[in-house]
Each structure stands twice: as C-alpha cells, then as structure tokens.
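**Q** Given next are the chains, with one letter for each unit.
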Amino acid sequence: MNCPTDELLRARMDDELAPAEKAAVDQHITECPACQSRSKAVSAAAARVGTLLGTLDVPASAAESNPQMALARFKARLNPQEERMPLLARFFAPRWRFAWAASLAAVIVAGSLAFPPARSFAQRLLATLRIEKVQPLSLDFASMDTSSNRKLQQGLGQMISDNVVVTTDEKEMDASSLDAASKLAGFPVKLISSRQDSPSFHVSGAHAFHMNVDRPRLQEVLDEAGRTDLILPANLDGAQVSVQVPRSVEVSYGSCSTNQKSHHHQPQPDPADSADANPPAESVDCLTLIQAPGPTINVPSELNLQQLAETALQLAGMSPVQARKFCQSIDWKSTLVLPIPKGVTSYEPVSINGIQGTLMRLPGKSHPSYALVWVDDGIIYGLVGWDDPNLAVQLASSLQ
Amino acid sequence: MLEGVIQSIQASKPTQEPGAASRSISPQAFDDLFLSTYPSIVGILRRMLGDCGRAEELANEAFLRLYSTALPPSAKQNVAGWLYRTAMNLGIDDLRARTRHDRLQREAGVAAASNSRSDDGLQLLLRAEKQQRVRTVLAKLKPQWAQLLLLRAAGHSYRELAAELDLSPASVGTMLMRAEASFEKCYLELFGEKESEAL
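Chains as they are written, first to last, in our numbering: chain A, 129 to 528; chain B, -8 to 190.
It is possible that part of the hints are untrue.
[Claimed, not checked] Per label pair, the in silico range of CB-to-CB distance:
1. A:160 to B:154: 45 to 55 Å
2. B:52 to A:185: 20 to 30 Å
3. B:18 to A:345: 30 to 40 Å
4. B:18 to A:295: 17 to 27 Å
[Unchecked claim] Computed far set for chain B versus chain A, every beta-carbon distance over 10 Å:
5. 63
6. 88
7. 113
8. 144
9. 168
Since the hints were derived computationally from the structure, they do not count as laboratory data.
All C-beta atoms in this analysis are idealised placements derived from N, C-alpha and C, irrespective of residue type, glycine included.
Chain A on its own, in the form it takes in the complex:
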C-alpha cells in the first residue's frame, strides 16, 4: 500500500480501523521508516493533549452512578413555576418533600417503636404500622427551604443518591372499570354513591426503597440548614430503613377540563392575586377521590426514634418542649400525622361515619377549594373538590 495519511495513522492509534485495514497499515509501517517516524509523531501529539485533558478526570459522582435517582429527581423538579403553583400543589412541591419525608417518616417510625408491643415484637426489625386515624399538626418548614441554599441542595441530593436504593418503581396505569381498578390495586376500590356520573380510574404504581442512614452526612445537612442545635441520635448511623408503598387508585368524577387537569402543573397566578378570579365553569363539577393503602416501614428496633421524632418536629418548627409533649400525646401506632403547613386557610376535625378525618379549606377559587383526608380500615382516603367544602363530609360519607 501507499504511505498512509496522518488521519489513517491516527485512526490506527485509536484502534478505529477495520482489522484488514489495520493489518495493511501495520505491515506498511514495519517496512517504511518514514511512516514509523510519522506514526510516532502523531501518537506523541495526541498523547500531549490527552495528558492535559486527563488532568480533568474525576471519580464518578453519585449522579453518574445512579441515573435512576437522577431521573426521579429530574421529574420531581419539572415544575419551574413552583412559587406560582396553587396552594395545594405548592406546599407539597419538591422543595418541601425532603422535609416531609424526613419529618413524617421519622415521626411515624418513632411512633411505631415507641409503642411497647411493637418494640417487644421486633427483635431486630419492626413490623407494619397500622394507621387508623388522622392527627393534624401545624408545621413550619421554613428552616428547610432548600431552594436558596445550593450547598444544602447538593448535600441532600448527594445523600439521597448515595444511600437510597429504589427496588420498586412501577409506572402508572389506567383502568377501564371499577373491577379492573380493584384488581390492579389489590384492594376493593370504593365509589362515591352520591355521584351518579361515571368516574374514570387511574392506578398509581407501587414503590419501594431502602436506605442506610449516614448520620454524619445527615447531621451536616441539618447544620447546613442552620439547625446546629439539633443533634441526631448516635445509633442512627448505619440504620437500615425500608419503605414499601402499595399501589393506590385515583377515581375522578365530572368534566375535568384539560386546563383543570393540568391545573397543578401550569404556571398560575399567585393564589393571593387570583382569589377573586372566576373559576372555569366546568371545574366545580370535578371531584377526585384517592385511595391508598398505608405503607410498610421497617426500621431497626434498637433505634431511639422517639428522640429522632422529636428532632424532626423541632426541625419542623416546634420548640423542644412542644415536640416532646406532642410525641407523648398521641397513639403513634395507629395515627397518621398530617402536617398542615402554614398558609392553609383553616383545617378542622370532621367525622365521616364515625371516623375522624381532617378537612383542609384552601383559599382562592382557581384551585381546589378543599382536601379531606381520613383513614378507614387501613386505607388512606383523600377527597379533593372544587365545589363547596361543606359538601365534602357528605360526599365522603357516601363511599361504598
């Protein structure tokens, strides 16, 4: 063959030639001193630049090694106009979710361990928490507002990436009928009998994850959040916590328009600005009922989660005395703690066929006007409506 071009020599060096072509070039180089020299020069030039670029090499980050978690975080951040989201969506928006997860999970698992039979039952691991009623609790997560603290955001993201292993992450499914929804969900789905129109069914997939708690890093996160006064229990380090969330069902009634369906995800005027706006005519008719079995949370029995729960409640704005009193005041084993962030117009205990629930009234007319949450026979119910909040209990009582 003729003398190869520099490009061909470079491709040979990069192992980008087909075998036959490479063999021909190799043969030529062994017989051509000039090409040997050129080949060395090409390699040397590439090596010089490669060495410099090699200084940029870094060990793989958590995000690079766990794209599944990165994808979950990406989806959680899809709403760039969070501050303009309706209230219900806003206070459950991504930036609050860590506070929710941290404080709520801690409070719940603390309760399960604080209950003596549970402690005795669990030699090493704890059993399922059975939820029977709802206990509202006013919280202020201002100290955990991560949106303005990039280092804190990174710390949280890194910690979650490094420590959380997602084992189940099912997709959402539509169901064509009540029977199909019940079969998919694995429990008998209920309907609102006082509504005569046909609903649509949507089944949310099951999710499960486990994590080993990294106490030093969690403590760093608290410190970064400005809560250096909160000290986590020493034996929290290395504790394995696993959470399993079963499938849940959403039953939707009425003519929920496209705008209304995308209500929580579209940029909206601030509720304070839109309080006098007229709602879309069809929105009043739209009603959604969520039905979700309680999750299973397993934690090591040795962990002093009573202390952790008090820490979480302090993180959520309580004084140490308030946190301790609250921890002692409720039956943790059977109670779902429902944090009510500041900003909800009002909330009140209500009775749904003798079962205690919490009715939250939401301000403004451009978003749901109420959310009613209660627990019956291990199923957590959430009723979200756009019409008169005074009708919520009547609707909820008609479930069958």
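Given chain A's structure and the hints, the job is docking chain B onto it.
**A** Coordinates of chain B only, in the frame set by chain A:
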C-alpha cells in the same frame, strides 16, 4: 407515605404535563434516553467545569429542553446527538462565562486550599492550576473542537462522535487532529514555551 397520598392528590388533576403538546419524544423513550446518557453527560460536564453540582444542573437543563421543546425534524433523527450537543453547548457557555470573570483560577485556588491536607496541598494546588489552564483553553476553542476533545477524552468512539456531533464518520479522525492541534497551539500561546516543555 402521606406524601405519597398528597402527591397522588397533587397528581390527580394533571394528565397533561408541561410541554407535552410540543414534546418530541415519548415518555418511555425519554426515560430510556435519560438513563442511558445522563451519567455520560454529567461526567463530561464535570470534566469541563470541575463542579459536580453545576454539571448536574446543566445536564438537567439539557434534558428539560428535550422534554419541553419541539425539536427540528433533523434533530429528531438523532435525539441523543442533539442532547449531547445541547448539554455541551450549555457547558461551554458556562465555562466561557466563568473564564470571562476570571473565576476559574480563584475557584481552583480556593478549592485546592480548602481541600488541602498537609503535604497533599501543593500537589492539589498544582493540579488545580493545570486544570484551570486546560479549561481556559477549552473555553477559547471553537465549540466544536472543545466538544470533540472532551467527548473523545471521555472514551467515545469515532462512530459515537460522528453521531453526537453530526459529523461524517470519515471526517472524525481529521477533525480530531485539527482540534488537538488547535488546542495545543492555544495552550502554547496562553501559557508559553515553558509549559510547552511540560507538554
């Protein structure tokens, strides 16, 4: 758990997500593409910027654009390539902004000093200085040269480079050599003969 309920409540209304109408890729294809390319894109942006958090931000920005933007027909034939080019252009813009404000050197020095422990400090400082010089040069190169060098340094094959940068496969070797020559020339101009010996 309650969070899950509330998220369900929150998610109960929307059946159409932002950008759905203009999206160029199905949700499943988006997820698959995210999972297969995110680590690589973040890795390249980290090399480029030396900042893990910023690299993740820019990678997310690139995916957000893919998620919410209607791509031109030509880009739909090679979505992954469009994604790589978008992410790297974001990275280069960021790198240039930093270079303009002379922040690289300061950040490198601060990072090295803050991370230094005993005898490792000098080595870290020297490495940080070298990294800063390399990034300065990359910021000054024609964007396509910088993209090509960084992708190749990340181990991408000629075939992958051609797809990602919308090049003819036959021209990749030539382009690579030109990019390296341009890099070396710029490095020598900026940092002088002494550094050329170190090369």
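**Q** Now tell me if each hint is right for this structure.
**A** Hints, verified against the model:
The beta-carbon spacing between residue 160 of chain A and residue 154 of chain B, approximately 34 Å, falls outside the hinted interval of 45 to 55 Å. For the pair residue 52 of chain B and residue 185 of chain A, the supplied restraint of 20 to 30 Å holds, since their beta-carbon distance comes to about 24 Å. A beta carbon spacing of about 33 Å between residue 18 of chain B and residue 345 of chain A agrees with the range 30 to 40 Å that was offered as a hint. For the pair residue 18 of chain B and residue 295 of chain A, the beta carbons lie near 22 Å from each other, so the given range of 17 to 27 Å is met.
The Cβ of residue 63 of chain B lies farther than 10 Å from every Cβ of chain A, with a closest approach of about 23 Å, so its non-interface assignment holds. A cut-off of 10 Å between C-beta atoms confirms that residue 88 of chain B is not in contact with chain A; the least separation is 17 Å. With a cut of 10 Å on Cβ distances, residue 113 of chain B stays outside the contact zone with chain A, its closest approach being about 15 Å. Annotated as non-interface, residue 144 of chain B brings its C-beta within 10 Å of a C-beta of chain A; the closest such distance is 4 Å.
Against chain A, the non-interface label of residue 168 of chain B is violated: not every CB pair exceeds 10 Å, the least being about 6 Å.
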